[in-house]
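Chains as they are written, first to last, in this note's numbering: chain Z, 3 to 275; chain S, 3 to 275; chain W, 3 to 275.
There's no promise every hint is true.
The list makes no distinction among identical chains, and a pair is therefore deemed to hold if it is satisfied within one copy or across any two copies.
What the hints assert, rightly or not - Listed next, the in silico EDC-like pairs over lysine to aspartate or glutamate satisfying Cα-Cα at most 20 Å (straight line):
#1 236 <-> 208
#2 252 <-> 47
#3 252 <-> 198
#4 252 <-> 208
Quick caveat, the hints were computed from the structure, so don't treat them as lab data.
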Amino acid sequence: MTASEQFRVQEESDAYWRVVFENPPVNLIDPDTVEQLADLVTRIESAPELTVVVFESANPDYFMAHWDFLSDRERVAGMAIGPTGLPAYVDNFIRLSRVPPLTISSIHGRVRAAGSEFVLATDIRFVGDRAVLGQFEVGVGSVPGGGAMARLARLVGRGRALEILLGADDVPAARAAEYGYVNRVVPDAELDAFVDGFARRVAGFDRTAVRTTKHLVDAGSLPHSNDEFAAGMKAFFQTSGRPENADRVKRLFSLGLQQPDGVERDLGRRLTE
Amino acid sequence: MTASEQFRVQEESDAYWRVVFENPPVNLIDPDTVEQLADLVTRIESAPELTVVVFESANPDYFMAHWDFLSDRERVAGMAIGPTGLPAYVDNFIRLSRVPPLTISSIHGRVRAAGSEFVLATDIRFVGDRAVLGQFEVGVGSVPGGGAMARLARLVGRGRALEILLGADDVPAARAAEYGYVNRVVPDAELDAFVDGFARRVAGFDRTAVRTTKHLVDAGSLPHSNDEFAAGMKAFFQTSGRPENADRVKRLFSLGLQQPDGVERDLGRRLTE
Amino acid sequence: MTASEQFRVQEESDAYWRVVFENPPVNLIDPDTVEQLADLVTRIESAPELTVVVFESANPDYFMAHWDFLSDRERVAGMAIGPTGLPAYVDNFIRLSRVPPLTISSIHGRVRAAGSEFVLATDIRFVGDRAVLGQFEVGVGSVPGGGAMARLARLVGRGRALEILLGADDVPAARAAEYGYVNRVVPDAELDAFVDGFARRVAGFDRTAVRTTKHLVDAGSLPHSNDEFAAGMKAFFQTSGRPENADRVKRLFSLGLQQPDGVERDLGRRLTE
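One chain only, chain Z, in its complex shape (with noise of 0.2 Å):
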């Protein structure tokens, strides 16, 4: 894939984007898609009748696997500023958490670590009933940076969010919908036309209706400042990459990580085993 085609933005009408990620072979978030993420939340910012946007992706085993180990840690560490005056990889994922439309993110497959955080930072998560969830950075010896200790206690409390964070296993879409973590979950086969059914049904409606709706539900469920984003973004860097936790990533790549079917289908439990 070249730089500029991991978001493919399919506009079904003014008011409906879907938007659908693929970076072989398993979704990986690297730096490209970062920098492509900062552009695509700035169209969508910038879309006045946009009503609804629906993120999907292309591999229907991977939604997003998780943030690329493999990148270049000059790149990353020399990543933009955003407008929130945080490194654009939080940045992103802030900006689209406020964007005017609402995001839905539409999940089949596996969505983890980073790929959890951008869909934490969506408004709506439906899932497919074999979606597969998690958050397993605490696994590798990292803090996740990218908001997910912001967002899963402010969505499924401080008891579950723990459990997620720090027990970095697998959370299947059924007890991901137990717990809050997703919206609901709908049977595979079904999901694709009930997100489309649910995206145009919205895009439908008025557009101020909508997007001023969404704003007023921010005060109650978003975190009033920056802060805890940044925190989040600060611990991340402080402890990812460490020489101590380096045979942790090198036993799951010699497993096959990064690679669709080895270590990633099960990497929950295959992370301590």
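Guided by the hints, dock chains S and W onto chain Z, whose structure is given.
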């Protein structure tokens, strides 16, 4: 009904009141309701022995349908300012959520939009298994004005609050419980006895313990100021009744809106048919 | 039991401690418990390698029954002031909720009132399928003093928190999970192995990642000041032991309160029989 009869108070004892709402044919909330509710809230605030209040409907199919779209607009625009400094419509709900005794909504049938905002302003929602809740305002071009954004965001989390508010669809009892919109579902035939038993139990407890414990829950569960409510009320006045959405409401009236056997039965689905 | 033996610490490793609580016959919390818990929390705060602590009960029927109604009232009134500036009873729970390692309550049997406040002060609650939780204080005329209002409001939402606190009834395991009062239910026979496996998994992770991630969850899930806890503690002292409720407690003692085979088995129901 004359203006004074929509809320019928049955004082089971000094500690336990049942309030039965009746405004045929579908229990709309209209300007009379607003004025009478203001008086009722004051009466509840002033009853020193009161420990628990149960709200019921005289109509098993409609707990409270929604705001009366045919209300005299001048009368609404001139609505009294309540003790919070806000128009009586939302002032009632803010004060209701802070009355000293425990308040319980015992819900048979449909409760949507302003009706949903009423039950969200009570402390506990017990529902029959055929109950249906929802906030369909966005579907007719309005922002909800009575606190739905502030209360749902805190009760069901951001993702599900946005699904309920922007999807504007019916929420059946089982999903409402799964999402935390209501406390729990009870078979319709058992609901009245269950709620009466629960209320009598609480009414038998020490009034000071009940009232003080309730008051101490407020800090962790209600907005710290009325700003969110003020913003919602303002947005309602700015968005409702705009000419660009007149056809949406007109179509619904042609299908029997505000009548028991028409579109009200299945409003969520028929909003976009 | 002598005063020093209620909490038995089993150091499985530097990273993983199991703490077994035993105060026969029903694991009451008494002034000795409060003093010993203060020491235990300090010991946990001071263990630099500790990553996870599991709390268990030596009694499979009673995790922690509740506060000992026969405690020496002068000793309680003179309870030490802890580091938070509040009496040790609530100070313990505030400090426990903020210790650096992850804390897990592994709950068999009944845990009510002060016992419920203890487990709410730990991070995660895993429960057996026959576990029973509850806050029955209001049913004997007291406001809960150890943080129940602040913690339940944030964990289960306003409606369900008020149902639990003012209904003062038993909450069986399945409903506790449905409401978010506990993380999840595990068959009783599997609970110990499940919790041990979860704890060993977390104990094997990088300590800094675990502790930092936990700390960053606090901002979105704990009260920002101790004011709510101070208010609850004050209300407890003002309401508990009032003569107008003496008969309620006396009746329960006549039915076997604080004994394993009497009213404790089914306290929620029998509170109002």
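Here is what the structure says about each hint:
1. For a Cα distance limit of 20 Å, the shortest separation of residue 236 from residue 208 across copies, 17 Å, qualifies, whereas the shortest one inside one copy, 40 Å, does not.
2. Taking the shortest alpha-carbon separations for residue 252 and residue 47, neither the intra-copy value of 40 Å nor the inter-copy value of 33 Å comes in at or below 20 Å.
3. Proximity of residue 252 and residue 198 under a CA criterion of 20 Å is satisfied in neither setting, with 40 Å inside one chain copy and 27 Å between copies.
4. With identical chains, the CA atoms of residue 252 and residue 208 are at most 20 Å apart between copies only, with a shortest distance of 15 Å across copies and 52 Å within one.
The structure shown violates the earlier hints numbered 2, 3.
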